[in-house]
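Chains as they are written, first to last, in the UniProt record's numbering: chain A, 1 to 313; chain B, 1 to 271.
FYI, nobody ran anything at the bench for these hints, they're computed from the structure.
One thing to keep in mind: the hints can contain errors.
[Stated by the list, open to error] Far from chain B, some chain A residues (derived; all Cβ distances over 12 Å):
#1 Asn97
#2 Gly118
#3 Glu143
#4 Gly160
#5 Lys161
#6 Asp248
#7 Ala276
#8 Asp296
[Stated by the list, open to error] Pulled a few chain B residues facing chain A out of the computed Cβ check, cut under 8 Å:
#9 Gln5
#10 Arg19
#11 Arg86
[Unchecked claim] Simulated restraints, written as ranges between beta carbons of each label pair:
#12 Arg86/B to Ala276/A: 48 to 54 Å
#13 Leu249/B to Ser82/A: 53 to 59 Å
#14 Phe139/B to Gly81/A: 50 to 56 Å
#15 Ser120/A to Leu124/B: 39 to 45 Å
#16 Gly181/A to Arg86/B: 56 to 62 Å
#17 Gln188/A to Ile177/B: 50 to 56 Å
#18 Ser82/A to Arg268/B: 40 to 46 Å
#19 Gly51/A to Ala256/B: 20 to 26 Å
#20 Glu232/A to Arg169/B: 37 to 43 Å
Just so you know, these numbers come straight off a predicted model, no measurement behind them.
Glycine included, each C-beta is placed from N, C-alpha and C at the ideal position.
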Amino acid sequence: MADISPAQNDPGAPVIVARGVRKHYGPIHAVDGVDLEVRSGELFGLIGHNGAGKSTMFKMMLGLIPLTAGEIRIDGAPVPGSDFRTVRRKVGYLPENVVLYDNLTGTETLDFFARLKGVSTANNAAVLERVGLMHAAKRRVREYSKGMRQRLGFAQALLGKPRILFLDEPTTGLDPEAIRGFYAILRQLKSEGVTMVITSHILAEIQERVDRLAIMAAGKVQATGTVQALREQMDLPLWFDVRVAPEDFEAVRNALGGLPVGAIEARDGHVAVQCARDAKMAVIAALATLNGKVRDLTVREPSLEDVFFGFSD
Amino acid sequence: MEFSQIATIAGKEFWDRIRNRWVLAVALVFTVFALSIAYFGSAQQGAVGFRSIEVTIASLVSLVIYLIPLIALVLGFDAIVGERERGSLDLLLSMPITRLELLLGKYLGLAGALTFSTVAGFGLVGVVLSAQLDLGSLFHYFGFMLSSVLLGCAFLSIAVMLSVFAADRTRASGLAIATWFFFVLIFDLLVLGVLVVTAGRWGGEALPYALLFNPADVFRILNIFSMEDVRTLYGLSTVFPPALARPWLLGLVMAAWIAGPLAIATWRFRR
Chain A
1 MADISPAQND
11 PGAPVIVARG
21 VRKHYGPIHA
31 VDGVDLEVRS
41 GELFGLIGHN
51 GAGKSTMFKM
61 MLGLIPLTAG
71 EIRIDGAPVP
81 GSDFRTVRRK
91 VGYLPENVVL
101 YDNLTGTETL
111 DFFARLKGVS
121 TANNAAVLER
131 VGLMHAAKRR
141 VREYSKGMRQ
151 RLGFAQALLG
161 KPRILFLDEP
171 TTGLDPEAIR
181 GFYAILRQLK
191 SEGVTMVITS
201 HILAEIQERV
211 DRLAIMAAGK
221 VQATGTVQAL
231 REQMDLPLWF
241 DVRVAPEDFE
251 AVRNALGGLP
261 VGAIEARDGH
271 VAVQCARDAK
281 MAVIAALATL
291 NGKVRDLTVR
301 EPSLEDVFFG
311 FSD
Chain B
1 MEFSQIATIA
11 GKEFWDRIRN
21 RWVLAVALVF
31 TVFALSIAYF
41 GSAQQGAVGF
51 RSIEVTIASL
61 VSLVIYLIPL
71 IALVLGFDAI
81 VGERERGSLD
91 LLLSMPITRL
101 ELLLGKYLGL
111 AGALTFSTVA
121 GFGLVGVVLS
131 AQLDLGSLFH
141 YFGFMLSSVL
151 LGCAFLSIAV
161 MLSVFAADRT
171 RASGLAIATW
181 FFFVLIFDLL
191 VLGVLVVTAG
201 RWGGEALPYA
211 LLFNPADVFR
221 ILNIFSMEDV
231 RTLYGLSTVF
241 PPALARPWLL
251 GLVMAAWIAG
261 PLAIATWRFR
271 R
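Produce the complete structure using the sequences and hints provided.
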């Protein structure tokens, strides 16, 4: 595992620390020696294929299943430990495919979980308002759509103003507008100093939103860092989209001749050029010699998906 | 242990059964059966109407031994496995609650619902009959109601234990039905079978103690032994030594039948 986070991105002290964490089910090593640190106020992504060990790691961090070996600390307290109630009152959890009670209304659902968390029910209406469910507060959960259930599950996680949020596939079932609203709430929470750990299969959705992430595969953390740092570590090629007139396609090809570029593909109204990261400035310099034939230029970084497959495969 | 956590879970379980009319339905079943038995129990002898509390309780005991264990097992078989299968158990356990508190909360909420419907159902009949009963008879009837509640709580405890051990709801329901068959239909036959096969040479002295291993038999003995008129009507119960038939002792045995399965369930659930 390589932690290559730039030091200047450090937003605070570690609040979630995992050291040498293992979870074995007989011969199956679901989690196999994970070291992880999530810092205060950070939005931290945990990504991986199905069966990579993300959910097991989540459950161990929440104290739902015992560790085979290693140690997890939340805000300095061991998980599980005698101080578990204090820890859990600081934590909000939205499970993947959250299941709530069909016979309760939205308000009753939050009242029930607020009582379990030991927090006042007075703020429940504000929480429902925050996730956009105030209009359905008196309706039974059985009448909710999948997206509404997910939002109610999120509201449950926000009860008691938790300092740490665990969000397992939180945007499952949400429409694009609701997803935007969801991440707007995460931004607000981040500004309030809430630490968040999030998993998602929709990598495009989280790549611009997480501060750092860990890529898990085969029960191990393969890499940890910012998206940009992981891109650089993987050294994946960049893509240039060069917009030129069709008659100038050949001129672009000639200008790049001799440079360490990969594919050069003429597409609809532009030329796509793939090049190594360290050849980026040389390509820009070569294109600058075309004397105004280049109408527009876009540099595309490798996506998080490219990075993910680079590490996980 | 935080009692507020137990109360929160128990409150939800109890009010769920009130809201979905489970309590009302079960109470009505008890009322209708009890009234029918009280007024029409002697119809085969060519007479209708209430005759005596002893005969009524004796008939009700036969009914309750079949009905209450079944209702309790159906009520509790998916208490834990149902939450696990639906996917809501992880969310519950992520709260500041221990597994013991969750289990006790579930049990007490369900036991509350069962107790409420039993007391309401049979209590209503008690009120209807009260004009025709003296204080001693009322005391007998109250004892019958109390022992019915204990019987329900014992089988509910077994059901909750099964719900912790079972891998899924289907298996849990199968186990619950098998449990009902074993305790209500098979157990006494087995005990009698051993006696008959060995011509009474083996197991005769152990028989009264063997009956304590079945909460349904403990319930029967509790009710039958208190009434001279009907004691002779029953087979197994008549061979029960009076020294073992003290209500407080049988009450303790019933309490053990409640606490034992719950303790085993807690041990398993914590693992």
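Quick rundown of the hints versus the structure:
Under the 12 Å C-beta cut-off, the non-interface status given to Asn97/A relative to chain B is violated; the minimum distance is some 6 Å. In this structure Gly118/A is not separated from chain B by more than 12 Å, as the shortest Cβ-Cβ distance comes to only about 6 Å. With a minimum CB-CB distance of about 15 Å to chain B, Glu143/A clears the 12 Å threshold, and the non-interface call stands. For Gly160/A, the condition that its CB be more than 12 Å from all CB atoms of chain B is violated, with the nearest at approximately 10 Å.
Lys161/A, annotated as away from the interface, keeps every beta carbon of chain B farther than 12 Å; the closest lies near 15 Å. At the 12 Å boundary, the C-beta of Asp248/A stays outside the reach of chain B, the nearest C-beta of that chain being 58 Å off. With a least beta-carbon separation of about 45 Å from chain B, Ala276/A lies farther than 12 Å from that chain, consistent with its non-interface assignment. With a least beta-carbon separation of about 49 Å from chain B, Asp296/A lies farther than 12 Å from that chain, consistent with its non-interface assignment.
The criterion of a C-beta within 8 Å of any C-beta in chain A is met by Gln5/B, whose closest approach is roughly 7 Å, and the hint holds. Using the Cβ-Cβ criterion of 8 Å, the hint placing Arg19/B at the interface with chain A is satisfied: the shortest such distance is roughly 6 Å. Restraint check, Arg86/B versus chain A: the minimum CB separation of about 5 Å is within 8 Å; hint holds. Separation of Arg86/B from Ala276/A is about 51 Å and conforms to the stated range, judged on CB atoms against 48 to 54 Å.
In this structure the supplied range 53 to 59 Å is violated for Leu249/B paired with Ser82/A, their Cβ-Cβ distance being about 40 Å. The beta-carbon spacing between Phe139/B and Gly81/A, approximately 52 Å, falls within the hinted interval of 50 to 56 Å. Ser120/A and Leu124/B have their C-beta atoms about 40 Å apart, which keeps the hinted 39 to 45 Å range intact. For the hinted restraint 56 to 62 Å between Gly181/A and Arg86/B, the CB-CB distance of approximately 27 Å leaves it violated.
Distance hint for Gln188/A and Ile177/B: a CB-CB separation of about 52 Å, consistent with the stated range 50 to 56 Å. For the pair Ser82/A and Arg268/B, the beta carbons lie near 22 Å from each other, so the given range of 40 to 46 Å is not met. Under the hint 20 to 26 Å, the C-beta atoms of Gly51/A and Ala256/B, about 45 Å apart, miss the expected range. At roughly 51 Å, the beta carbons of Glu232/A and Arg169/B sit outside the given window of 37 to 43 Å.
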